[in-house]
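Asks: Sequence:
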Amino acid sequence: MIFVARLLAGVMGGTLWAMLAGYAARMAPAERRGRTV
47 MIFVARLLAG
57 VMGGTLWAML
67 AGYAARMAPA
77 ERRGRTV
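In the numbering used here, each number is its position in the sequence shown, counted from 1, plus 46.
Mixed in with the good hints there might be a few duds.
Pair ranges (Cβ atoms, derived) [stated by the list, open to error]: (1) T82 x G59: 17 to 23 Å; (2) M47 x P75: 45 to 51 Å; (3) G56 x R81: 23 to 29 Å; (4) V50 x E77: 41 to 47 Å; (5) A71 x F49: 44 to 50 Å; (6) A51 x G80: 33 to 39 Å; (7) E77 x M47: 31 to 37 Å; (8) A71 x M47: 24 to 30 Å; (9) T82 x T61: 14 to 20 Å; (10) M47 x R78: 30 to 36 Å; (11) T82 x G60: 34 to 40 Å; (12) M58 x R78: 45 to 51 Å; (13) L53 x R79: 30 to 36 Å.
Simulated from the structure, these hints should not be mistaken for laboratory data. Virtual Cβ for every residue (Gly too), placed ideally from N, Cα, C.
Build the full structure now, drawing on both the sequences and the hints.
Replies: Right, dumping it as structure tokens:
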């Protein structure tokens, strides 16, 4: 049970950080896009 909870938390955390990197890249100006990620 604990293993499944930790696995789901890890998957959700990884997905969240991957999405945030994409949002940060889109919000930044074109000349600074590489630095945001």
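Asks: All the hints need checking, so say for each whether the structure fits it.
Replies: A quick look at each hint next to the structure:
1. As the Cβ distance of T82 to G59 is approximately 20 Å, the hint placing it in 17 to 23 Å holds.
2. Separation of M47 from P75 is about 47 Å and conforms to the stated range, judged on CB atoms against 45 to 51 Å.
3. The hinted range of 23 to 29 Å is satisfied by G56 and R81, whose Cβ atoms lie roughly 27 Å apart.
4. With their beta carbons about 44 Å apart, V50 and E77 fall inside the hinted range of 41 to 47 Å.
5. Range check, A71 to F49: about 34 Å between beta-carbon atoms, so the 44 to 50 Å window is missed.
6. Restraint check, A51 to G80: a C-beta distance of roughly 36 Å satisfies the suggested window 33 to 39 Å.
7. Under the hint 31 to 37 Å, the C-beta atoms of E77 and M47, about 49 Å apart, miss the expected range.
8. For A71 paired with M47, a C-beta distance near 37 Å fails the hint of 24 to 30 Å.
9. Taking the beta carbon of each, T82 and T61 are about 19 Å apart, inside 14 to 20 Å as hinted.
10. Checked against the hint of 30 to 36 Å, the C-beta distance between M47 and R78 comes to roughly 45 Å, which is inconsistent with it.
11. The hinted range of 34 to 40 Å is not satisfied by T82 and G60, whose Cβ atoms lie roughly 19 Å apart.
12. Checked against the given bound of 45 to 51 Å, the beta carbons of M58 and R78, roughly 29 Å apart, lie outside it.
13. Evaluation of the 30 to 36 Å hint for L53 and R79 yields a pass: the beta carbon distance comes to about 33 Å.
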